[in-house]
Structures are given as structure tokens and as C-alpha cells.
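Visitor: Taken in sequence, the protein lines are chains A and B. Position in the first sequence counted from 1, then plus 43, gives you the working numbering. Position in the second sequence counted from 1, then plus 43, gives you the working numbering.
Where hints are given, some of them may not hold.
[Claimed, not checked] Heads up, simulated EDC-like pairs for lysine to aspartate or glutamate below, C-alpha to C-alpha not over 20 angstroms straight-line:
| # | chain 1 | residue 1 | chain 2 | residue 2 |
| --- | --- | --- | --- | --- |
| 1 | B | K333 | A | E252 |
| 2 | B | K187 | A | E252 |
| 3 | A | K333 | B | E252 |
| 4 | B | K187 | B | E209 |
| 5 | A | K45 | A | E73 |
| 6 | B | K203 | B | D108 |
| 7 | A | K203 | A | D221 |
| 8 | B | K333 | B | E314 |
| 9 | A | K187 | A | E152 |
| 10 | A | K187 | B | E252 |
| 11 | A | K333 | A | E322 |
| 12 | A | K187 | A | E73 |
Hints are computed from structural coordinates only; laboratory data are not their basis.
Number of protein chains: 2
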Amino acid sequence: MKPLGRLVIVGVGLIGGSFGLALRQAGAVERIVGVGRRKETLERARRLAIIDEAAPTLECVREADMVMLAMPVGQTREVLAQLAPHLGPATVVTDAGSTKHDVVAAAREVLGSALERFVPGHPVAGTEHSGPDAAFAGLFRGRKVIITPLAETSPQALSKVRAAWEACGAQVQELPPDMHDQVLALVSHLPHLLAFALVDQVARHEQRERLFSYAAGGFRDFTRIASSHPEMWRDICLANRAAVLAELSRYQGHLTELRRALEAADGASLEAVFSRAREARNRWLEERDKADGDNGSE
Amino acid sequence: MKPLGRLVIVGVGLIGGSFGLALRQAGAVERIVGVGRRKETLERARRLAIIDEAAPTLECVREADMVMLAMPVGQTREVLAQLAPHLGPATVVTDAGSTKHDVVAAAREVLGSALERFVPGHPVAGTEHSGPDAAFAGLFRGRKVIITPLAETSPQALSKVRAAWEACGAQVQELPPDMHDQVLALVSHLPHLLAFALVDQVARHEQRERLFSYAAGGFRDFTRIASSHPEMWRDICLANRAAVLAELSRYQGHLTELRRALEAADGASLEAVFSRAREARNRWLEERDKADGDNGSE
């Protein structure tokens with residue numbers, strides 16, 4: 044790709060910071076400007092050479108080729124509204140939010156004619172760590188990035204965002220926004236909720252010290268995502284409320300079935316569920332390994 | 044420790060096999076005899092040099108210094124009943140079952156005067172893999188082994204089992220059987236149930252192919268334990284039914300609270316749970332790292 048002249052990253056944390064580092068490493072960007080709520084975070088990002096400069100307000104989008112929104116999704120509407128009046132005529136705006144329905148709705152509401160240069164996206168990658176210190180250039184290598192283009196999205200804007208993600212080493216795929224949100228509700232958002240709930244159950248237990256002292260690797264891996272950013276996950280759950288609630292209700296139904304099987308000492312039913320799950324998971328891992336090697340974490 | 048002359052392992056899979064390999068590597072055993080349901084598994088264990096010979100029946104315990112029971116816990120009563128008449132006067136019997144209340148009850152019922160030489164134990168270690176090919180000598184290094192001695196347990200038997208686990212590199216701790224089962228219900232058994240249930244929800248979904256194709260590292264780690272041995276986990280859930288049901292009910296209550304917060308779009312409550320969980324988990328990891336480095340998986 045032709046390098047971007049000027050990239051503005053709003054929210055220079057794990058995702059925004061890694062996007063900047065990856066583009067820089069690929070020689071795909073000339074100058075990176077950071078915007079964010081906390082001055083110290085921006086200063087830290089500058090010291091880590093993620094950004095070249097910090098800008099005090101969103102007015103800096105005027106001269107940008109691309110703006111990447113990588114703050115918690117709950118702020119999307121407000122940030123878009125603030126930057127809209129300052130957008131240059133060719134500036135492409137994209138985002139990295141984990142939900143897409145709400146982001147699209149906000150963009151439709153406030154972007155006006157710039158809507159055609161807005162490309163909603165979501166890198167299905169990440170770690171449980173947050174902040175600029177957690178960012179690294181290889182985060183998106185081999186991972187999927189889901190773009191959910193609108194009928195209005197211009198092909199030029201789409202291909203610019205696609206090229207940027209490909210420069211980061213990602214595999215770009217397209218989905219409609221609602222389908223994106225339904226898929227992620229079950230394979231990402233619900234597991235986060237479940238992991239937070241389990242750790243909280245241990246943390247609220249009167250024997251918490253003893254419980255934690257006997258927790259081992261199974262607990263550690265099951266709960267890894269419960270170390271994720273609370274504000275970010277609050278926003279995701281709220282933004283994707285309907286789909287998360289639907290999957291949560293189905294999961295609660297599953298747990299009730301399992302509880303009944305346990306109450307009835309119905310070993311055959313338990314074993315059937317466990318076997319089906321193990322087989323499905325092992326098949327998934329095999330196909331995944333065949334497709335692209337280690338697809339990393341999220 | 045003085046090396047064991049003859050060790051009988053019943054169930055030469057991940058746990059039994061690793062126990063044998065670890066003792067052998069430590070020079071803590073002279074001869075290992077394997078017993079099990081499947082001839083092919085025993086033959087494989089012999090080829091892997093985990094056991095020196097396979098015995099067709101439990102009569103082989105006659106000349107053993109120690110017998111390790113490492114088959115699924117549901118078989119404990121039957122195996123103990125079968126070996127009891129053949130036990131030599133000094134043979135120590137121990138087990139590696141993930142539940143202890145049921146194992147102790149079975150031992151009381153069938154061991155008679157040999158009860159004083161029965162030492163119930165549980166290595167809090169493992170992986171999601173199973174069978175002799177999954178066994179390795181380092182599995183217990185730095186991990187906790189919980190011994191739940193009875194009032195009747197002889198100090199000699201206890202110290203023999205303790206020494207064997209220490210030779211494997213494990214950290215031996217003691218707990219009453221019921222407390223063991225309550226602790227493990229929350230930090231191990233419930234998470235397994237939850238992970239199996241989530242994968243099964245994806246596997247039963249009409250869009251399963253698409254869902255799995257967008258599942259990433261968060262899903263992979265959350266569900267790692269759902270690749271565990273179905274029969275083994277059926278037995279554990281049944282054996283520790285009361286404690287698992289109690290924790291499952293409390294967890295269902297938690298999920299109902301979270302669902303209500305979601306329905307009410309109550310971001311503050313969600314964030315409070317997520318923050319409390321993240322803080323508790325991060326504190327746990329810090330203390331764990333301080334205490335003993337990487338405590339590995341289970």
C-alpha cells in the first residue's frame with residue numbers, strides 16, 4: 044500500500060497502540076498523532092514511539108488520511124460527533140470496536156455526508172492486558188479483522204482500511220453488522236461475562252484465600268479474560284445487550300438442564316454433553332491449526 | 044526416600060502415568076506394574092517405559108509396596124473391593140481422585156483393617172489431555188498435592204505417600220476430605236462444567252461453523268478444560284454432587300443478577316463486578332508468582 048501520510052489514533056491502548064506499531068513496522072505510515080482522555084497515557088505512548096505527537100483535541104483530524112477509533116465503544120457516538128465538523132474531505136474514519144450495530148447507528152446519526160468514508164471494523168485479537176505498554180506490533184498477525192461495510196461505504200475508503208489491516212498482517216473478512224454482533228455475543232462477549240462472574244464468586248466467598256490458594260491452571264486459563272479492561276467490557280455488554288442477553292438466557296437454560304442431570308445423578312446425560320463439547324472443541328482446534336497455525340489470543 | 048520396591052498403578056493415563064515416570068526419574072521406584080481395563084493402553088504404557096509389566100488382575104497388589112489408584116473416581120469402590128483381599132500386610136494404598144468424600148466412604152466400607160494403610164490424595168495438576176501418551180515426568184513439579192488423611196491413617200503410610208509425591212517434585216498439603224471437596228467444587232469442578240456447557244452451546248447452534256470460525260484466543264483458553272476426559276468429569280461431578288450443586292446454584296444466582304443489570308442497562312453494576320473480578324484475579328496471580336513461580340496447569 045501507499046503509506047498513509049497522517050494517522051490519528053483515538054485511544055492509544057492495547058488495540059490502538061498495536062495498530063500504530065504494526066503500521067509503522069510495515070512502513071505503512073509516515074506520522075501518527077494520538078488523542079485520548081489521559082495526558083499521561085499519551086505521554087507514555089510517545090515515549091514508547093507508538094505516536095509521534097499527542098494532540099489536545101479532535102481538531103487534529105483535519106489533516107489526517109485516516110482516523111482509527113480505539114477507545115471503549117461506549118464513547119463512539121460522542122467522539123464521532125466531536126470530530127465530524129473537522130474532518131477533511133478525504134479523511135477515512137474506521138474503528139476497532141468489539142460491537143458493530145451501535146457503532147454503525149452512531150455513525151449514521153452524526154457523520155452526515157462523511158458516512159461514506161466511515162468503515163466499521165473489529166480486529167478479533169487482543170490480550171487481557173490494556174494500555175500502551177501492552178501494545179505490540181505482532182498483535183494482529185494472522186488474526187481475523189471483521190469489516191462490516193454499509194451500503195453507503197465508498198469502495199476507496201473500504202480498500203484503504205483493508206490495506207491498512209493487511210499491512211498489519213491481518214486477514215480481513217466482511218460480515219453484516221448484526222451478524223457480527225450475534226457471532227461475537229456467543230464466542231466472545233458471553234465467555235467474558237461468565238469468567239468475570241466466576242472470579243467474582245470466588246472473590247466474594249468467605250474462604251477466598253483458601254479457594255485461591257488451590258486454584259490451578261484450569262482456573263487460570265478459564266479466567267484469563269476476567270483480567271480484561273472492566274470499562275471496555277461494560278461498554279461491549281451494553282452495546283450488544285440484546286444479543287448477549289439472548290445467549291445468556293440460552294446458557295442459563297443449559298445450566299438448568301445440567302443441574303437437573305446432576306440432581307438426578309444422571310451420569311449418561313452429563314457424559315453426553317461433555318463428550319459432545321470435547322469432540323466439537325477438538326475438531327475446531329484441528330481445523331484451526333490446518334487453516335492458519337496458531338491464531339493467537341483475543 | 045528409600046526407593047519403593049514395587050509400585051502398582053491402576054489406570055495408567057495422564058495422572059497415573061506421570062506419577063510412574065516422575066518416580067522413575069527420581070530413582071524412587073524399582074519396578075512398576077500396570078493394571079487397567081484396556082489391554083492396548085497397558086501395552087502402550089509399557090512401550091513408553093511407564094510400566095515394566097502389565098498384570099491381568101488386581102491380585103498383583105500382593106507384593107506391592109504401594110498401590111496408586113488413578114482411574115476415574117467412579118470406579119474406586121469396585122477397585123478397592125477387588126484388591127482388598129489380596130493386599131499384603133505392609134502395602135500402602137493411595138489414590139489421585141479429584142474428589143475425596145466419596146473415596147473415603149468407599150475405603151471405609153471395603154478396606155477393613157487395611158484402612159489404616161489407605162492415604163487419600165489428590166494432585167492439583169493435570170492437562171486437558173488424557174491417556175499414557177499425555178503423561179510426563181514433570182507434571183507434578185511445583186504443584187500442590189492435597190492429602191486428606193483419616194483418623195485411622197497410620198503415620199508410616201502417610202509419610203510414605205508424602206515422600207513419593209515429594210520425590211515427584213510436588214508440594215504436599217493436608218485438608219479434611221469435605222473441605223477439599225468444597226474448595227475444588229468452586230475452583231475446578233464448576234469451571235469444567237461451565238466450559239463444557241459453553242462449547243456445547245456453540246456445537247448445538249445452527250450457525251456452528253461460522254461461530255467457531257470467529258472464535259479466538261479468549262474462547263480457546265476459556266474452553267481449554269472442555270477438552271478434558273468426559274468419563275472422568277462425569278464421575279467427578281457425580282461424586283462431588285452436593286458441593287458442585289451448591290456452587291452451581293450460587294453461580295446461577297450471580298448470572299441472574301448480571302442479567303438483570305444488563306436488562307436495566309445498569310453499567311455501574313456491571314463495571315463493579317468486572318472490576319472486583321479483575322482486581323481479585325490479578326492479586327491472585329501476583330501472590331502465586333511470588334509464592335512459587337509458574338504453578339502450571341490442571
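Visitor: State for each hint whether it applies.
Guide: Evaluation of the provided hints:
1. K333(B) x E252(A): Roughly 15 angstroms between the alpha carbons, so the hint for K333(B) and E252(A) holds.
2. K187(B) x E252(A): Judged against 20 angstroms, a Cα distance of about 15 angstroms means the pair holds.
3. K333(A) x E252(B): Given pair K333(A), E252(B) holds - Cα atoms ~15 angstroms apart, limit 20 angstroms.
4. K187(B) x E209(B): 10 angstroms, holds
5. K45(A) x E73(A): Holds, at roughly 10 angstroms.
6. K203(B) x D108(B): 10 angstroms, holds
7. K203(A) x D221(A): Given that 20 angstroms is the threshold and the Cα spacing comes to 23 angstroms, the pair is violated.
8. K333(B) x E314(B): 28 angstroms, violated
9. K187(A) x E152(A): 28 angstroms, violated
10. K187(A) x E252(B): Between K187(A) and E252(B) the Cα gap is close to 15 angstroms, so the pair holds against 20 angstroms.
11. K333(A) x E322(A): 17 angstroms, holds
12. K187(A) x E73(A): Roughly 25 angstroms between the alpha carbons, so the hint for K187(A) and E73(A) is violated.
Consistency note: the structure conflicts with the earlier hints numbered 7, 8, 9, 12.
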